[in-house]
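If you follow the hints, you should be able to join the two separate chains into one complex; please do so.
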Amino acid sequence: LAKTTQPISMDSYEGQEVNITCSHNNIATNDYITWYQQFPSQGPRFIIQGYKTKVTNEVASLFIPADRKSSTLSLPRVSLSDTAVYYCLVGDMKGGFQKLVFGTGTRLLVSP
Amino acid sequence: EPEVTQTPSHQVTQMGQEVILRCVPISNHLYFYWYRQILGQKVEFLVSFYNNEISEKSEIFDDQFSVERPDGSNFTLKIRSTKLEDSAMYFCASKDSFYEQYFGPGTRLTVT
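Quick note, the sequences are listed as chains A and B, same order. Take this note's numbering: the final residue in the first sequence is number 105, and no numbers are missing along the way. Take this note's numbering: the final residue in the second sequence is number 220, and no numbers are missing along the way.
Excised from the complex, chain B in its bound form (with noise of 0.2 Å):
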């Protein structure tokens, strides 16, 4: 069965730095999407991207947040400058047409 994966499984960066979180959604799929969950908390919405462009986004996916299709595979979300607070497990998804979204493993980002 085709997958989302997502790469690096963990990262550790340091307050103020970049950091560069990877997805490869599966193939056919037309519509991205991004969320995030606080350890403890809900999955949270940041954004979604079809056509090379931002569809819709969060209160939560401000200017320190972009999200880049670089290549026809890969999609990518920056952090420009990370907080303590962006700490959490980022979820890559993506769907087809239909309904269901596939959700990637996360990236566990953890800012010190």
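For reference, chain A alone in the conformation it holds in the complex (with noise of 0.2 Å):
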């Protein structure tokens, strides 16, 4: 599984974008990028997941350069509800077993 790097930590404020980008030079061929959002005291949730190039579903857009050495998670026009810990995870996400391998996260503070 290849690993990650992401920030720790982030601020923002309600109403704006907020990208949250994610380093995994040796993803291999492959390898699917999956994030997971985490509220405290809950268990993770699935926001969304992607191969190349751009992803966007009701929630986030996923933006994968052509190298997929890094990843960007987007959140428009964030809110209060939005603060949680973002997880990059990087892995061939089709295999029946896969297991999750989380990282430590991106720490995500909005305020007013």
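FYI, nobody ran anything at the bench for these hints, they're computed from the structure.
Sample of chain A residues at the chain B side, in silico, Cβ under 10 Å:
1. P37
2. R38
3. L93
4. G96
Only some residues are given here: those of chain A computed to face chain B with a beta carbon under 7 Å:
5. G36
6. F39
7. Q42
8. K92
9. F95
10. T97
Every residue, glycine too, gets a C-beta built ideally from N, C-alpha and C.
Take a look at the structure:
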């Protein structure tokens, strides 16, 4: 599983766009990039997954450059309730048994 | 939306006692997992379970731990003789053939 590096923490204000970048220099050909969100005292929650270029869903966008050595999670117009820890995970997620290997994540604090 | 449930939400036990943590995965899911998170630390993989057997386990998952799917709906984690260092949040997760793992709300285990 490829190691990931992401900022320990980020601060933002309500209504702003937040971009969290994750570095994964050793990503393998079969690896996907997945982001999870975790609120205090809750289980992680899947946000988005991608392989290359751009993926968008109702809560976020994921930008992956051509070399796939990094990725950026974009949260549009954050609110106070987006305060959470965001984890970038890289691995061959198509495998049925695939375990998730979490790093320390990025602690996002959204202020009024 | 279907969800993973876990009981109890909080379990207090004395060192050396046995505890069973219970999970009800999403009904049509095939893959089941236990993770734990010591306060302030990373989410750590413990074990994955498929087709009524363990498919992978971590170094943490030693002989004191066992898992079972006794009745086709519940998925349990047993710790035979708890230690102080077993105090943590324990998360159950399940998935179908796709990549997204759905996590339960967790059981906070406190060993005194």
